[in-house]
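Colleague: Each chain, letter by letter, is given below.
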Amino acid sequence: MRMPAPIRLRELIRTIRTARTQAEEREMIQKECAAIRSSFREEDNTYRCRNVAKLLYMHMLGYPAHFGQLECLKLIASQKFTDKRIGYLGAMLLLDERQDVHLLMTNCIKNDLNHSTQYVQGLALCTLGCMGSSEMCRDLAGEVEKLLKTSNSYLRKKAALCAVHVIRKVPELMEMFLPATKNLLSEKNHGVLHTSVVLLTEMCERSPDMLSHFRKLVPQLVRILKNLIMSGYSPEHDVSGISDPFLQVRILRLLRILGKGDDDSSEAMNDILAQVATNTETSKNVGNAILYETVLTIMDIKSESGLRVLAINILGRFLLNNDKNIRYVALTSLLKTVQTDHNAVQRHRSTIVDCLKDLDVSIKRRAMELSFALVNGNNIRGMMKELLYFLDSCDPDFKADCASGIFLAAEKYAPSKRWHIDTIMRVLTTAGSYVRDDSVPNLIQLITNSVEMHAYTVQRLYKALLDDISQQPLVQVASWCIGEYGDLLVSGQCEEEEPIQVSEDEVLDVLEGLLVSNLSTPVTRGYSLTAIMKLSTRFSSLNRIKKVVSIYGSSIDVELQQRAVEYNALFKKYDHMRPALLERMPIMEKTATNGPSETVQTNGETDSTILDTKHLPSISQPASQANDLLDLLGGNDVVPIIQTTVPTKPASAGGELLDLLGDLSLTGGPTPTPASSVPMSQPPFLLDGLTSQPLFNDIAAVIPPMTAYNKNGLIIEFTFERSNPNPNIAVITIHATNSTEADMTEFVFQAAVPKTFQLQLLSPSSNVVPAFNQGSVTQVIRVLNPQKVRCYCEPRTHSASYRSRSSEISPFVLKHLQKSDECLSGAKLNIAKLKLRAASH
Amino acid sequence: MIKAILIFNNHGKPRLIRFYQYFAEDMQQQIIRETFHLVSKRDDNVCNFLEGGSLIGGSDYKLIYRHYATLYFVFCVDSSESELGILDLIQNMLLFTTVCNFVMQVFVETLDKCFENVCELDLIFHMDKVHYILQEVVMGGMVLETNMNEIVAQVELQNRMEKSEGGLSAAPARAVSAVKNMNLPEIPRNINIGDINIKVPSLSPF
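So the protein lines, in turn, are chains G and F.
Mind the numbering: the first sequence is residues 1 to 841 in full-length UniProt numbering, read in order.
Mind the numbering: the second sequence is residues 1 to 206 in full-length UniProt numbering, read in order.
Fair warning: there could be bad hints in the mix.
SDA-like cross-link-like pairs, simulated, lysine to any residue; straight-line CA separation at most 20 Å [said to hold, decoys possible]:
| hint | chain 1 | residue 1 | chain 2 | residue 2 |
| --- | --- | --- | --- | --- |
| 1 | F | Lys129 | G | Arg10 |
| 2 | G | Lys80 | G | Lys149 |
| 3 | F | Lys129 | G | Phe81 |
| 4 | G | Lys169 | F | Phe23 |
| 5 | F | Lys129 | F | Leu16 |
| 6 | G | Lys74 | G | Gln30 |
| 7 | F | Lys13 | G | Asp438 |
| 8 | F | Lys13 | G | Leu761 |
| 9 | G | Lys188 | F | Val137 |
| 10 | G | Lys188 | F | Glu150 |
| 11 | G | Lys31 | G | Arg8 |
| 12 | G | Lys80 | F | Ser164 |
| 13 | G | Lys169 | F | Met1 |
| 14 | G | Lys146 | G | Tyr119 |
| 15 | F | Lys129 | G | Lys399 |
| 16 | F | Lys13 | G | Lys182 |
| 17 | G | Lys149 | G | Leu104 |
| 18 | G | Lys169 | G | Asp209 |
| 19 | F | Lys129 | G | Met58 |
| 20 | F | Lys13 | G | Lys169 |
| 21 | G | Lys74 | G | Glu24 |
| 22 | F | Lys41 | G | Ser362 |
| 23 | G | Lys399 | G | Asp438 |
Keep in mind that the hints were calculated from the coordinates and are not lab data.
Since we're looking at a predicted model, the values are computed, not measured.
Please construct the entire structure, taking both the sequences and the accompanying hints into account.
Modeller: Here it is in structure tokens:
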């Protein structure tokens, strides 16, 4: 039985459009699908194309159409153009290289690529270029290559893009297309030229060999570009008054790839780039696109400096453009070039700053980044004014970045300390809750170090506190300062500003207010309590302070409670030490850009650290062990490099030291006799003081090379540097030389570090230290301190043969305390303490 | 590279979908829905590119779109023309926007020319033709031809070839009535394709 002729595509569409609900539509489609399926089953050749066309429509609407895949193949194999056209379209829409069915097409496509009708060939090329899998590409690359050489431009342009697809799928087939590329650029047809440039670009990007091969095409490309610019109006290729902008852009891009890092090619294209840059009409967007490509090319190749300035000026002009997109890309590109062409970009500063007021957030963000990049010592005051204004008015999303940018810039270029403090305070008052955590210690350090500003600062902060206690960072800084400099505040001595009259009680009222305020975070309360405690040595109202402190001894906040209990103990048991412990913080050494972050810990913890003294008895065991150890190591041979304080703070370190020692005594020949009990020069609790600031103060940010060991002819020198990519890594290079008459063989350098560190001992240049200083052994040690904790590094060396030969030399332990918090900072390594002890007898 | 070209109307109903990268059918529909959602809520006066939705690759992709009358034309492009070139995304944005805008313009103008003032209905009823036109503008996700006259000419020639075979609706029964309705002077008698001479029979346009 024969079915009636299936309805036409148009009728189906019309029917589907009458459906009022989704369900109705689904029902219609299902009905039609059933009809199509049965028609397919009957192998109906006449209506197959119509059915597939309907299927494609349903596919677009999101209905399953995969059952038509095989029908597409049948259509492709048909002789009729109509069938082939729908078949190939269906294949492109319904098939992809994941389905095995597509392999069945390979032969059909091959035949069609050799078909006598260009449109059939075109269809085959188009399909291959869309969905050809790597197997297909391998099989058909020869045909594509042949078509790439034909004179028919319709086929040639399609073959070029098809070749791009083939190369993407199977890069090793690239060589095959090389001969065909020879004459591509002499083609007149713009479509072919355009696709050829795409092909060449693809090849250049994929292979350095191709890149150098195609460099010789630069003059030809330059000529084509020149013709495009110079030629008069041609309606064929004109887009808003510009001759084939696509081709221009494509060529500019290819030139960029060809000229990158190559002097000759860059030289050859300098002139044409200047021409394009000056001759392109910019009233329309198309012109701007070309100009932008030109700018990018100028920036990428080795262009003349004059040309670069021209390029930056073009970008500057873009900033005034009405089109947001153009302003955005201009800012982005300027940001990229600001490092290399700083002065040229600087000239557009005012325009860039104006972009801060743009409504578009993306533009604002770029403008902000660029503005920060442009800040320098000369324009800091003006730029900061703008940026602070921006900070005031910008969206919350921007505030954190903007604030930290201002901090950084202010730190780098502040014209005066007062200005610096004012700026930071301004940021804290306007965007306090958005600033990053490290800004509080940063500011505290800054304030501490500006001795002459103390009175001024504390007064300003006190006033700020009266106005607003919701900005936590500001409140923290203010609490800290009031605690430190409360006496200055009350005495009202301030030269810079109108002095204010404040009584002690008023100050304490404010601080107590912070303790009870709902707005205060636990951290702020901690700051506040500590401040009150500090004031006990600066103010006379001791009883009130004692009362407040004792109240918080029962606080539910553990941190606060601990502080209060410790402070209470300080009042009771250690009252004689209180004034000394609560003394004003010493001036902090400015170490590196981020150094101040160290201050947080110092300031936040100082009090409790000092108060650890009362816990000392409980940890006396490890401490005494450590002391024993130190005795063991022998004070008489101490080589004081920097300071003689013995670092034994972490009990664990002491333990490790002991381990080392055990090791030592085993390998060290005669058991080291306990050194003649050198009395510890410091009382034990002061060891804890190691963590407080003063001990670090005398340490320069850069450690000069030092002699770590110099005994019996063996000299070991350490040089320090910080690993560039990761400032947490300290790189220590050791140089060992031997001035004795015999070579030292089996020289081994060992180092031990606590668990929080990671140590990497690279292999030494040799294990023999030649005699008579005739050479040296070098070895690199890398110490990673990821947690940025303060710790010690204890390398130890011994030379086996050396030991065996001269019994009087034994290994030594090198102590090396690294104030590693600083490791996160800029380019400098700060080693707080380096100490060498040699145990010998 | 162009990853997908989508055309849908103000209600999100697809009018043409063309993916140049494999996506499963349901994923294709999800992408259309998501893209519609992203594009339709934007004002007409804001810039006409935006970051791609999560489905089609997130921020590595850009959606460049135009709103013509009742239709949205959306090009979904990835950051670079070549998969190798890990070029900065932004670097290509302006170019892409312009290129795609222009390709869109070429495409729309070609549609205009082929359908004489194209409207949504033309696209609905001539889905296959729209695909054929697109095929001459973009191939495998790359721009093939931007010369509108050339595109129109090639498409026309192919359509005539198709008509010469009777077209999609070459049902014998309809042929007769089609002849009656034909506007004879509009169709040339002879077409030269390469060296093949085709006599144009008078048959129904669809």
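Colleague: Has the given pair, lysine 169 of chain G with phenylalanine 23 of chain F, been kept, meaning a C-alpha gap of at most 20 Å?
Modeller: Answer holds: lysine 169 of chain G to phenylalanine 23 of chain F is near 18 Å, not above 20 Å.
Colleague: Straight-line Cα separation of lysine 188 of chain G and glutamate 150 of chain F no greater than 20 Å?
Modeller: Measuring from Cα to Cα gives roughly 14 Å; hence the hint holds.
Colleague: Keeping to a limit of 20 Å between CA atoms, is the pair of lysine 13 of chain F and leucine 761 of chain G held or broken?
Modeller: Violated, because 66 Å separates the two Cα atoms, which is more than 20 Å.
Colleague: Given the hinted pair lysine 149 of chain G and leucine 104 of chain G, is their Cα-Cα distance within 20 Å?
Modeller: 27 Å, violated
Colleague: Lysine 129 of chain F and phenylalanine 81 of chain G: Cα distance at most 20 Å?
Modeller: Distance of about 14 Å is within 20 Å: holds.
Colleague: Next pair to validate is lysine 13 of chain F with lysine 182 of chain G; report whether the Cα-Cα distance is within 20 Å.
Modeller: At roughly 47 Å apart (the allowed maximum being 20 Å), lysine 182 of chain G and lysine 13 of chain F break the hint.
Colleague: Take a quick look at whether lysine 129 of chain F and methionine 58 of chain G sit within 20 Å of each other, Cα to Cα.
Modeller: 16 Å, holds
Colleague: Does lysine 74 of chain G pair with glutamate 24 of chain G here, judged by a C-alpha cut-off of 20 Å?
Modeller: Outside the cut-off at roughly 32 Å; violated.
Colleague: Are lysine 169 of chain G and aspartate 209 of chain G close enough, with their CA atoms no more than 20 Å apart?
Modeller: 19 Å, holds
Colleague: Given the hint that lysine 169 of chain G pairs with methionine 1 of chain F, does the C-alpha gap stay at or below 20 Å?
Modeller: It holds: about 14 Å lies between the C-alpha atoms, which stays within 20 Å.
Colleague: Has the given pair, lysine 74 of chain G with glutamine 30 of chain G, been kept, meaning a C-alpha gap of at most 20 Å?
Modeller: 23 Å, violated
Colleague: Check whether the Cα positions of lysine 129 of chain F and lysine 399 of chain G lie no farther apart than 20 Å.
Modeller: 53 Å, violated
Violation of the numbered hints given earlier is confined to hints 2, 6, 7, 8, 15, 16, 17, 20 and 21; the remaining hints are satisfied by the structure.
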